[in-house]
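From first to last, the protein sequence lines stand for chains A and B.
Residues 1 to 162 (this note's numbering) are what the first sequence spells out, left to right.
Residues 1001 to 1228 (this note's numbering) are what the second sequence spells out, left to right.
Mixed in with the good hints, there may be bad ones.
[Claimed, not checked] For lysine-lysine, the following DSS-like pairs were computed, each having C-alpha atoms within a straight-line distance of at most 30 Å:
(1) B:Lys-1041 to B:Lys-1203
(2) B:Lys-1071 to A:Lys-17
(3) B:Lys-1192 to B:Lys-1203
(4) A:Lys-17 to B:Lys-1009
[As the list claims (entries may be wrong)] Some but not every residue of chain A turned toward chain B, in silico, with C-beta under 10 Å:
(5) Glu-20
(6) Ala-81
(7) Gly-107
(8) Pro-108
Think of the hints as simulated: they come from the structure by calculation, not from any bench.
Cβ coordinates follow ideal geometry from the N, Cα and C atoms, glycine included.
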Amino acid sequence: MQALAILTVESAERLLKALEEYLDHSEASYALIIDRGGAILSQLGEIPPSVDVTTLSALAAGSFAATRELALRVGEAEFSALHQQGKNSQILICSIQDEAMLLTVFGPKTTLGLVRFYSARAVKQITTVLERARGESRIPIDLGHEVTSGLQDVFHEPTPRS
Amino acid sequence: MSIINYVNKEIQFKIVYYGPALCGKTTNLTYIHSQVAEAHKGELVSLATAADRTLFFDFLPLNAVVVKGFKTKFQLYTVPGQVIYNATRQLVLRSVDGIVFVADSQWDKMEENIESFKNLEENLVRQSTSLDQIPYVLQYNKRDLSNPAPVHYLDFILNNRNVRVPSFVGIATTGQGVFATLNAISRLLLQKFARENEIASAKQQASQPAYAPASTALSGIAAAAARR
């Protein structure tokens, strides 16, 4: 399957709606939809300010990819979900076809059973949205001559060492 | 593959630093992290062994220029260089947009450089892609060590494909060449993105009837975004 590269406002709203329903029913704290490369496609819920979701996504993608390789080595195509339990928080990562994942963080307010039950429904909804999104065409964005021509550096080194 | 999010007005790119063991991939990221302003960087995460060797990957998210209202975000990863971690390197390469190949300039590391470059090509083939499709640059690191191989020799063994790519000499421990390398790969990615945009724009214009009003889908999207 082709990877998703474009997220229009309409698709993003559909993903948010799926997450909203999912969090309402499951009573999980927050959820993210991540592509297998670790990029965030959508996020919703009470994300503590101390949580860096970009790093969380990169680590989740790496962890899930490693789990998939483990599955292959014991003769499974994939473990469809990965669950980690801590003292106060739990994480459930569910596969969304071949290209994305649903990452859910939840606390003692709910249970793994409930989160798993509603995550299955959310995964189906999100799959439909992503399949539809793949057919959407790209809307051109003009990045400007200065950046692409090299007249302007993308990153600046404030205090270069000699 | 770069991801465009029209809601957050973000374009995300993934850059992977590849190369043999102990060539300085992690040192590149450490230096970048030490120099970029707080507002433009996230946490540098290293999944390393007790001996500080990369076990899975290092990860550094960076926010770069804002152009035409779109934030550009670059996520930098390193792979573990040790031969035994090839399965891990394949995982990190997933959805890669651009590659920095870091070579160790020391004469006795040439075989490892070549092996690692071949390994990169093989791993890309496994992902149904190749260096013909993915922008990449070379960094010849560790120029400060005694008796480094000449740059033209490194070019001869590593930069000998049909199209020669930008190459930089580096001393990552002091930062020499680190930002030049990062800027070069970032610019290549933005240029590729701009080219793809031109194609998309041309296709869109070709598919629009000549009498169509000037309003574009973007204005509809801007309105939808404003409603949120």
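Indices of hints not satisfied (ascending): 1, 5, 6, 7 and 8
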